[in-house]
Structures are given as structure tokens and as C-alpha cells.
Amino acid sequence: MRRTYADLHLCADSDDSERVSSAIGKASRLGYGLVGVPFPTKCADAQFDRVRKICEEAGMELASRVDLRPGTPEELINGLRKFRRRLDVVAVLCESKSVARQAARDRRVDLLNFPQVDFRRRFFDAAEAELASSSLAAFEIDVKPLLVLEGAARIRLLSSLRREVETAKEFHVPIVVSSGVSDELLMRKPSELAALTSLFDLDGTPARDAVSKNPVAIVKRNREKLGSGFVAPGIRVVRRGKDC
Amino acid sequence: MKRRYLALAIESSEMIRADEFVDAVWGAVSKMFGECGASQTSLSLISFDEQKSFAVMRAAHTAIEMVRAALATMTKIGNKPVAVHVLRVSGTIKALYRKTKP
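Chains A and B supply the protein sequences, listed in that same order.
Last residue of the first sequence? That's 244 in the working numbering, and every number before it is there in order.
Last residue of the second sequence? That's 346 in the working numbering, and every number before it is there in order.
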């Protein structure tokens, strides 16, 4: 079966219809079947609908996404309470250890993201991976810094990513590779994203899964949960009525 | 030694010359894998079409992933912003041209 490729972090400005339309069109030409566009926390339903329509016209699926950037675990819990039932994907940028740990153990979090250049605040270690493996969170890697950084900063980033990928593999935490770009010239094909992951020792099938199977599974699982018939994982309402 | 041929599309708002392109590719490969790594790729430019921004390169088949990764990291040629996309990889030039529309 043909793979559906997904970029869950296409940072197109959802306020600007023209730029969103252009970015989504390009994603379609590059071979993606699903894109995740982050929406601001104060976003009207009309904005979702407009972007969804653009995606439909381009023959793509849209996953609505929110990037939470909480300062404390309490802020994270409040954010999850507010957004979990509204959006397909919830990503958390973990800027402190307490937030990272809370995000890893909370089953409502889909993606764990870490600061890209502040290497002291990349908290994806064995403890974090163990918590994430028992919840549903995946480890998200944005490739944008690999394209824009140079020299020592890129070397340090590759070194961190290599260590983190090794940890994720050890604890069976799914890895999701996204672009994280807003500039169209920095958008890459799914096969190119997979090739870039070979720089931090993620090769072959796991690399392709990181741009297809893993992100698609997250969106599918959440859509199922957001559906009206969902009761619990594996249980859903098939029919309602007096004769049931 | 087995070789692979890569059809490349160069995306840029400005015209790119063949020599600039080759220098930039070697620069990207050696920046990412060092001179020793670059020497293992056996890269060479087979053809370059400035008008269509289309290039064909040859590389050792064992180094294809290295070349793909290095090409993906290219964001500039000189001061011109670019993106280089691999359209197709093939074992022979004939098959590459047959399957690729520049």
C-alpha cells in the first residue's frame, strides 16, 4: 500500500490566506498527503474552515494543530483542558524540566518538542522517554534548524539529536519528523526529510515511518477520539436506538 | 563500482550557473561529511540546463543517502536562495531521462 506522507508542522501564517494557500499547494506538489498547520490559541472557527477549504482544493488533508508553550505544569494542564477536544494535534514546547515531565506523562499530549538551539533545555533523556513510552506522546524533530544553522551550532544539534533518537528507540517512543518551516524555499520532499534524518542515525524504515506512519497514526487516533461515537480505545457506539 | 544518476530540480528565483551549482554541491557535501566523506561520494555533474534549472549528477550508489542529505541542506548558492530537489534516482542515464520530465 502506498504511504501517506505527512508534515505536521508547516508553519504557514494561518491569517494570511495567500501564503497558506501557496505553502499548502507546494506541500501537495512535494508529495505530502497530510499537513499540520499550527493555529494561534485565540483562533476563530472561520479560520479553520478557510484553511481546511484550501487544503481540500489542493487535494490534501489538514490536521489542525496547536503549539502550547506553558511556563508551568499547571499552565499546561489548563491549556490541554482548553484545546484537546478542539484540535487534531496538540504539541508542547517543553522549556522547563517540570513541563517536559508533565507533558510526557499526560495522555492528552501528542508531540513533545524541545528548544532547537538552547541545548541545556533539551530534556529528552531516559526518564522523559520512559514517561512518554507509557503515555501516547511522540518525540518531534523539526528539520528547520538543520537547514538554517551552520558550524558549531549545527554540530551540537546533530549530537543532541543522535543521543535523543537513540533514547527514543530504546524506549520505543515514536519519532515524528516535521519541517517546522514558514519559508517555502526551506520546504523539502518527504524523501529528503528522511535522508536528513540519516545525519542523526535514523535510517531506512524508521526514517520513512517518522514522516508517514507515525504522524498519520497520531492524527487518525485523535480523529477517532474526537468522533461522536468514541467511548474508549477500541470501543465505539455503532448504533443508537430503543432496539439495541 | 555501482553508480547512480540523480535528476535534480533547482528551485530559485535567480539563474544559477553550472559552475556555481557544482561548487555549492561539493561545499554542502564536504561541510556535512568532511573531505574524506566527500571523496567517497564520487560525485560528478553529467548535465546542466540553466534555462530549465535541471541537473543530472552521478554518485556512488553507496553514498546516495549522503548526497541526498547534503543536497537537502543546501539553502543558498552564492547569495542566491535555492532549494534542490531530487526528482529521481536511476541506475542508468537512459532510464533516468526516460522517466524524468525536466
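Just so you know, these hints were derived from the structure itself, not from any lab.
This one's a predicted model, so the numbers in the text were calculated from it and none came from an experiment.
Heads up, a few of these hints could be off.
Chain A is nowhere near these chain B residues, computed Cβ spacing over 12 Å in every case [to be verified]:
1) M245
2) S257
3) R261
4) I290
5) D293
6) M310
7) T317
8) M318
9) I337
PhoX-like cross-link-like pairs, simulated, lysine-lysine; straight-line CA separation at most 20 Å [claimed, not checked]:
10) A/K53 to A/K26
11) B/K296 to A/K26
12) B/K324 to A/K144
13) A/K169 to A/K213
14) B/K296 to B/K324
15) B/K296 to B/K275
16) A/K144 to B/K320
17) A/K82 to A/K225
18) B/K275 to B/K320
19) A/K144 to B/K275
20) B/K296 to B/K343
21) A/K144 to A/K26
Taking CB as the label site, the calculated pair distances span [what the hints assert, rightly or not]:
22) A/K42 to B/S256: 50 to 56 Å
23) A/K97 to B/S291: 50 to 56 Å
24) A/G227 to B/G335: 42 to 48 Å
25) A/E166 to B/Q284: 20 to 26 Å
Beta carbons are placed, not taken as given, at the ideal position from N, Cα and C, and that holds for glycine.
Structure-based check of all given hints:
1. M245: The claim stands: B/M245 keeps its Cβ more than 12 Å from every Cβ of chain A (closest is about 21 Å).
2. S257: Contrary to the label, B/S257 does not stay out of reach of chain A, its closest Cβ about 9 Å off (not over 12 Å).
3. R261: holds, 19 Å
4. I290: The claim holds: B/I290 sits with its nearest Cβ about 20 Å from chain A, beyond 12 Å.
5. D293: holds, 20 Å
6. M310: For B/M310, whose nearest Cβ neighbour in chain A is about 8 Å away, the distance does not exceed 12 Å, so it is violated.
7. T317: violated, 6 Å
8. M318: Violated, since 9 Å does not exceed 12 Å.
9. I337: holds, 21 Å
10. A/K53 to A/K26: Answer holds: A/K53 to A/K26 is near 16 Å, not above 20 Å.
11. B/K296 to A/K26: Within the cut-off at roughly 18 Å; holds.
12. B/K324 to A/K144: holds, 18 Å
13. A/K169 to A/K213: holds, 15 Å
14. B/K296 to B/K324: Holds - the C-alpha atoms of B/K324 and B/K296 are around 17 Å apart, at most 20 Å.
15. B/K296 to B/K275: It is violated: about 27 Å lies between the C-alpha atoms, which goes past 20 Å.
16. A/K144 to B/K320: holds, 14 Å
17. A/K82 to A/K225: holds, 16 Å
18. B/K275 to B/K320: Holds, at about 13 Å.
19. A/K144 to B/K275: holds, 17 Å
20. B/K296 to B/K343: Within the cut-off at roughly 17 Å; holds.
21. A/K144 to A/K26: holds, 17 Å
22. A/K42 to B/S256: 50 to 56 Å: Between A/K42 and B/S256, where Cβ atoms are some 37 Å apart, the hint is violated.
23. A/K97 to B/S291: 50 to 56 Å: Holds, at about 54 Å.
24. A/G227 to B/G335: 42 to 48 Å: holds, 47 Å
25. A/E166 to B/Q284: 20 to 26 Å: holds, 24 Å
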